[in-house]
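Undergrad: What follows is each chain in one-letter form.
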Amino acid sequence: MALDSQLFFEALLERSPPHILEHFRLVLVPLFFAFLLAFPLGVFLTRPRYQRYAGQALALLNAGQTVPPLAIIAVFLPFLGLGFFPAVFALTIYALLPIARNTIAGISSVPEEVKEAARGMGMTSWEVFTRVELLLSLPVIMAGLKTSAVLTVGTAVLASLVGGRGMGAVIFAGINFFRPELIVAGTLVIGLMAVILERLLSMVEWLALPRHLR
Amino acid sequence: MFELHEVTKRFPGTDTPAVDRVSLHVETGEICMLLGPSGCGKTTILRMINRLIEPTFGSVFIDGQDIAQVNPDQLRRGIGYVIQQIGLLPHRTVEENIALVPRLLKWPQNRVSGRVQELLETVGLDPQLVGKKFPYQLSGGQMQRVGVARALAVDPPIMLMDEPFGAVDPIIRLRLQDEFLNLQQSFRKTICFVTHDMNEALKMGDKIAILNNGRLIQHGTPREILSHPADPFVSHLIGEDRGVKLLDLVCVEALMTSGDNDGANGTCVQLNDPAKTALDLMLQENTDRVTVCQGQNVAGYVTWGAIKEYVHRVGGDGPG
Amino acid sequence: MGLFTFILDNFYRIMEYTWNHFTLVLTVMLLSLLLWFSVGVIISRYNRLAGPVLGLGNLLFCLPSISLFGLFMTIPLLGLGRRSAVLALLLYAMMPLVRNVYQGIKSVDPRVVEAGRGMGLSPWQLLWQIQVPMAWPVIFAGIRITVVLITGMATVATFIGERNLGRLIHHGITRSHSEMILAGALIVSVVALVLDQFMGRLEKKLVSPGLRYQQRE
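Residue numbers (numbering that gives the first Met the number 0), protein chains in the order written: chain A, 0 to 213; chain B, 0 to 319; chain C, 0 to 216.
FYI, nobody ran anything at the bench for these hints, they're computed from the structure.
It cannot be assumed that every hint is accurate.
[To be verified] Sample of chain A residues at the chain C side, in silico, Cβ under 10 Å:
1) Leu-69
2) Ala-193
3) Val-194
4) Ile-195
5) Leu-199
[As the list claims (entries may be wrong)] To list a few chain C residues with every Cβ distance to chain A over 10 Å, as calculated:
6) Leu-70
7) Leu-126
8) Thr-154
9) Arg-162
10) Gly-171
[What the hints assert, rightly or not] Listed next, the stretches of chain B that the computed footprint assigns to chain C, with coverage defined by at least 3 CB atoms under 8 Å from CB atoms of chain C:
11) 83-92
12) 96-103
13) 222-233
Since the model is a prediction, treat every value here as computed from it, not as a measurement.
From the three backbone atoms N, C-alpha and C, an ideal C-beta is built for every residue, glycine too.
Take these sequences, add in the hints, and give me the full structure.
TA: Here it is, written out as structure tokens:
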């Protein structure tokens with residue numbers, strides 16, 4: 000299979016850049032809102048009073064995840080129309096599960112003895128939460144955020160179908176015109192974005208952790 | 000019988016060997032206890048006998064044959080192996096667990112079932128009740144018994160046991176020890192038994208091998224070790240009360256005076272009873288003289304003084 | 000509602016799409032199980048291979064599904080349709096399946112494995128009689144996740160010529176036909192949920208009762 004290298008580089012260096020920024024917006028905005036929603040929800044569900052709802056809530060989110068991304072993106076079209084906002088809406092929903100699930104898993108896995116010791120030392124509930132629970136579960140929560148990020152980068156490709164633009168434009172062009180060079184170039188760019196995002200999040204995690212836990 | 004010759008094990012990355020030139024001889028039909036504190040190498044030695052670990056130096060011979068020449072899987076099928084947590088297969092029933100090695104050796108089905116029934120009864124479990132249960136449904140004591148039954152499945156002449164009764168509470172442990180000793184009376188297997196409990200070693204062992212830091216410190220019968228500890232470490236291991244411990248091992252016959260027990264009536268101790276029984280009786284009846292009998296006939300008597308003198312003489316202060 | 004009349008009116012076409020969707024998922028799952036299960040078992044035995052193999056799986060998983068579909072489509076031997084779709088989905092199934100098989104086997108209680116070795120089981124016997132059966136809950140969880148995943152991803156295969164439920168959704172988008180979109184989305188979700196429930200029942204039947212309680216700990 001002969002790849003036209005000129006087309007490839009053109010796709011990589013000329014076609015893609017305008018879409019890269021769009022794609023980043025399509026990823027970062029949903030991720031932000033998903034975190035804003037899913038993280039507090041996860042924390043909420045680990046509080047002793049609401050723990051029994053955790054199972055049901057997770058089951059609901061899991062069920063939501065069985066709906067394929069294409070369907071989620073498309074299903075709001077009749078109600079929200081085309082464009083950036085509907086795409087963001089759908090992508091946010093899709094990004095919720097990994098964050099919520101990992102938040103719950105991370106916080107519940109903090110050993111009871113450590114929390115008790117902290118309370119025994121005189122920490123208030125808030126301090127126990129921020130200084131013990133959050134800190135110890137940070138790696139797991141961040142892993143959830145990273146999973147969500149990578150997932151969203153990939154799913155955002157489909158957003159171009161509902162007018163969200165982004166790198167999907169390049170890839171679908173490649174499919175419709177039967178040009179693998181475009182697909183490869185587009186995929187490469189997306190792959191790089193995923194890696195960069197993941198590294199950025201790891202750095203944030205590293206900075207957030209106090210020195211002795213690194 | 001089996002023999003360890005200068006067996007040494009050095010783990011990569013450590014300076015001192017885990018096992019340092021240990022040589023040991025275990026007679027057929029004998030229970031040899033490997034005793035020592037954590038990290039002394041006793042479990043490592045055990046696992047070199049069935050080649051779960053290979054020695055860095057030295058050899059192990061079973062019935063004269065160097066086990067390094069034998070296929071390890073074959074070797075292990077002929078050795079019963081019981082570990083502290085038993086390691087029953089959770090996804091199989093009790094019967095299937097016990098039948099594992101026989102099936103491996105391709106025994107016919109009816110022979111396998113018969114053997115499983117027999118083994119369960121031998122270890123004191125009701126085959127009808129327990130056979131089809133899964134490990135999670137068993138109590139600690141029951142699991143231990145199934146572990147022993149499994150090790151006995153193909154009637155191996157040698158058994159290796161690593162603190163097999165360690166994971167149950169003391170009352171059950173005593174029962175299991177007694178029952179196991181009973182079984183050993185009929186089976187006469189050659190057994191290597193690891194423990195960190197001195198009392199278990201004294202009770203169960205025909206011979207005790209005391210280890211520390213990978214080295215063999217002393218090897219002898221319980222009596223020898225109690226009366227002649229080789230060094231301060233061994234004395235310390237035995238404890239201050241070794242004289243009293245000895246009373247469990249020495250017969251009344253050795254301490255008695257023959258003849259009539261003029262005047263003293265009451266309960267008898269037998270010639271072959273441990274002297275401890277006589278002591279207990281003296282304390283109970285508040286007397287310092289107890290009649291010794293052989294069967295129905297009076298053989299003599301034993302005094303408080305004789306016992307005291309023995310304990311002092313043999314127990315002594317410090318290594319003999 | 001307009002949705003139901005739409006479904007009834009186009010019943011046969013929708014059934015055809017659903018059937019295609021289902022057969023695609025089934026084909027991929029059967030091939031995946033054969034392939035990735037073996038790979039998972041092999042790397043658990045030969046540890047040095049584990050790192051690179053798992054890394055490859057991870058990498059494949061990160062690629063957007065549409066890319067793999069698109070790429071395979073352009074390869075002359077594969078072209079549009081079923082073959083490219085199956086191959087692409089097969090590669091996606093690699094990560095969850097291989098990882099779960101590998102981790103399942105690795106996390107089996109080492110004391111039971113030791114007891115097995117002590118009894119004289121050879122390494123392969125250990126694998127098949129102890130490690131794989133005990134890893135089965137984790138392995139099955141992986142299969143279950145993969146089924147749902149593949150069902151969802153199969154919708155994207157419509158872009159390379161598969162006539163399945165994704166086609167309903169895609170056409171609905173291009174023609175702004177909301178009932179089409181809803182029908183496609185709804186049915187796909189139902190299929191995924193039904194398959195997931197089915198796998199759940201299967202799990203109860205296939206996993207030894209002795210293991211279920213072990214898992215709780």
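Undergrad: Would you mind marking each hint as holding or not holding in the structure?
TA: Hint-by-hint comparison with the structure:
1. A cut of 10 Å between beta carbons decides the hint on A:Leu-69: the least distance to chain C is about 5 Å, and the hint holds.
2. Among the interface hints, the one on A:Ala-193 holds; its C-beta lies about 6 Å from the nearest C-beta in chain C, closer than the 10 Å criterion.
3. At a threshold of 10 Å, the smallest CB-CB gap from A:Val-194 to chain C is about 8 Å, leaving the interface hint in force.
4. For A:Ile-195, the interface hint is violated, the least distance from its beta-carbon to any beta-carbon of chain C being 12 Å, above 10 Å.
5. For A:Leu-199, the shortest C-beta to C-beta distance to chain C is roughly 16 Å, which exceeds 10 Å, and the interface hint is violated.
6. The Cβ of C:Leu-70 sits about 5 Å from the closest Cβ of chain A, inside the 10 Å cut-off, so the non-interface label is violated.
7. Non-interface status of C:Leu-126 relative to chain A is upheld: no Cβ of that chain comes within 10 Å, the nearest being about 30 Å off.
8. The Cβ of C:Thr-154 sits about 5 Å from the closest Cβ of chain A, inside the 10 Å cut-off, so the non-interface label is violated.
9. No beta-carbon of chain A comes within 10 Å of the beta-carbon of C:Arg-162; the shortest separation is about 15 Å.
10. C:Gly-171, annotated as away from the interface, has a beta carbon of chain A within 10 Å; the closest lies near 6 Å.
11. Residues of the stretch 83-92 of chain B with a Cβ under 8 Å from some Cβ of chain C number 9, which satisfies the need for three, so the listed coverage holds.
12. Evaluation of the coverage hint for the stretch 96-103 of chain B: fulfilled, as 3 residues show C-beta separations to chain C shorter than 8 Å, against a requirement of three.
13. Remark: the stretch 222-233 of chain B is not confirmed as covered by chain C, as 0 of its residues place a Cβ nearer than 8 Å to a Cβ of that chain, below the required three.
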